[in-house]
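Residue numbers (full-length UniProt numbering), protein chains in the order written: chain A, 1 to 305; chain B, 1 to 305.
FYI, nobody ran anything at the bench for these hints, they're computed from the structure. Warning: the hint list may mix true and false statements.
Where chains are identical, the list cannot tell them apart; a pair therefore holds if satisfied intra-copy or between any two copies.
[To be verified] Computed cross-link-like contacts, DSBU-like style, restricted to lysine-lysine with a CA-CA straight-line distance of at most 35 Å:
1) K295 <-> K238
2) K238 <-> K123
3) K208 <-> K3
4) K152 <-> K44
5) K184 <-> K295
There are 2 protein chains.
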Amino acid sequence: MSKTYIFGHKSPDTDSITSSLVMCDLETKLGNEVVACRLGSLNKETEYVLNYFDIEAPELIETIEDGTDVILVDHNSPNESVDNIENANILKVVDHHKIAFETSYPLFVRTEPVGCTETVLFKLYKENGFTPDKTIASLMLSAIISDTLLLKSPTTTEDDKKTVEELAEIVEIDYEAYGLEMLKAGTDLSSFTIPEILSLDAKQIDFKNVKSIVNQVNTADISDVMKMKDDLEDGMNKIIEEEDLDLFMLLITDIVNSNSQVIAIGKDATLVEKAYGVKLEDNAVLLEGVVSRKKQVVPIMTENA
Amino acid sequence: MSKTYIFGHKSPDTDSITSSLVMCDLETKLGNEVVACRLGSLNKETEYVLNYFDIEAPELIETIEDGTDVILVDHNSPNESVDNIENANILKVVDHHKIAFETSYPLFVRTEPVGCTETVLFKLYKENGFTPDKTIASLMLSAIISDTLLLKSPTTTEDDKKTVEELAEIVEIDYEAYGLEMLKAGTDLSSFTIPEILSLDAKQIDFKNVKSIVNQVNTADISDVMKMKDDLEDGMNKIIEEEDLDLFMLLITDIVNSNSQVIAIGKDATLVEKAYGVKLEDNAVLLEGVVSRKKQVVPIMTENA
Chain A
1 MSKTYIFGHK SPDTDSITSS LVMCDLETKL GNEVVACRLG SLNKETEYVL NYFDIEAPEL
61 IETIEDGTDV ILVDHNSPNE SVDNIENANI LKVVDHHKIA FETSYPLFVR TEPVGCTETV
121 LFKLYKENGF TPDKTIASLM LSAIISDTLL LKSPTTTEDD KKTVEELAEI VEIDYEAYGL
181 EMLKAGTDLS SFTIPEILSL DAKQIDFKNV KSIVNQVNTA DISDVMKMKD DLEDGMNKII
241 EEEDLDLFML LITDIVNSNS QVIAIGKDAT LVEKAYGVKL EDNAVLLEGV VSRKKQVVPI
301 MTENA
Chain B
1 MSKTYIFGHK SPDTDSITSS LVMCDLETKL GNEVVACRLG SLNKETEYVL NYFDIEAPEL
61 IETIEDGTDV ILVDHNSPNE SVDNIENANI LKVVDHHKIA FETSYPLFVR TEPVGCTETV
121 LFKLYKENGF TPDKTIASLM LSAIISDTLL LKSPTTTEDD KKTVEELAEI VEIDYEAYGL
181 EMLKAGTDLS SFTIPEILSL DAKQIDFKNV KSIVNQVNTA DISDVMKMKD DLEDGMNKII
241 EEEDLDLFML LITDIVNSNS QVIAIGKDAT LVEKAYGVKL EDNAVLLEGV VSRKKQVVPI
301 MTENA
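With the rest of the complex left out, here is chain A (with noise of 0.2 Å):
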């Protein structure tokens, strides 16, 4: 029998990134032949985790052929997921975001609106009567730590807490202190190009009939990103050329003040106006109180447009 492929989304985070290390290991443990695998390079946060904690990353496809048994962790679309996953065979998903696919067979699937996949994960661990050992505790806790932003986005529920504790004695750590250096490794852009920032964690979200880009980049000072701008605008205005989009909408997250500036380019640009009952000055306004794409940039966006 071959070996099960399981991998997270494009453009990985550091959620897809752990959850297919952590997946890997709890079915290792079931007795199941499994390879973690990544669907595109590192972001500078996951980089930031994996060297903390001296594990090495997951291996990188970009296909796989026909029949292949995978794993989804941390994304169900298929738009999201590994090309030809249309020809795959999803022996089971484990993911905390919305339904965006469909089978021809019935599968193990398991989501729940919580923070982060790991959060999910660590429930199998111990329904399946197996506690995380420190270096999978680790990468839980890290991913979990980086999709609440440090629990405080509006995503996090009363369980990511409690796993987060948990974790955190497995792992014996102050994850108030590791959590910040994490987050603030992940901001460091001064590496890359203008078109890696603008695909760094981008997202192909359709608002109704507005086919769009919403791209979200962390940062502990806005304005150290805004900067940039004027080269931001022109890769935006590029890429919405190129892709015919009618919206590309860069989100940038000041994590320790808990609000995003936005840059919206395009045709449909005023449906953030329209959503969040604001005025775009040069293209830009600050959303007070905005750090979570699924939770305060989707549902709006969908609604209004």
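Place chain B on chain A using the hints.
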């Protein structure tokens, strides 16, 4: 806060009715305000089960108001769900079918490729630290026996078998003797009109572009049902015309010997011949060993369509 409605699919079978009651019990234990509902009349088998254990049927509903909180059990496709499901707020899905729904929000989804929804629900009880009481266990046991035809259907998994053993101990019942009587009760067609028989367990399934209804009727003696063949065919032809179908496939499944007599009518009836390498005679053919619509009909018919 208004109550959450819990229901299985239209044309409810024993799994849909009991899963609604069982999930209602579990959610109540979890402190949630819920009400068990059903989307259609009880079949003879389910009537036998509820009478045998003296349990009241869930409340009959046909539609729901916009924004109602719902929990779906034993189905996830909007086609098989309550009217106006597209405007409901789906809190949870517990099921064992293929994925055939989408959402614009994350939610609790728990599907597994097992023989019966109750097998998944039994795990949820355990994970939450509960044991089903005797009444609830009776319902769960009956549904697994029903969906797996006494653990003989190819949809049966090790999980289903193990769950049946554990439940039979709680109920303190000889489940094989009880199960055979229950299945036989479900085969009593004496009080039904032909249109009723043709809608008892009818599912609209499109095999690629072949618009079809596949209806399954269980029996302890195929020849008993075949006495009504002419009348059944007249009824099927009428439905084909009314619904503009390409195929009406009636499976008359022998629950004792595990075979199905098929009557296939419609312009694409030859799809049955192609899919199984058989020849229809007078619209009919015996498919040896075929008892599962989900596992032995849908994938093979789809592949050959």
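Right, here's what the structure says about each hint:
1. With identical chains, the CA atoms of K295 and K238 are at most 35 Å apart within one copy only, with a shortest distance of 28 Å there and 49 Å across copies.
2. Proximity of K238 to K123 under the C-alpha cut-off of 35 Å is found in neither arrangement, the shortest distances being 44 Å within a copy and 51 Å between copies.
3. In this homomeric assembly, K208 and K3 come within 35 Å of each other (Cα to Cα) only across copies, at 30 Å, whereas the closest approach inside a single copy is 38 Å.
4. In this assembly of identical chains, the alpha carbons of K152 and K44 lie at most 35 Å apart only when taken from the same copy (21 Å versus 54 Å across copies).
5. Only within a single protomer do K184 and K295 lie at most 35 Å apart by alpha-carbon distance; the minimum there is 22 Å, versus 51 Å between protomers.
The structure fails hint 2 only (numbered hints given earlier).
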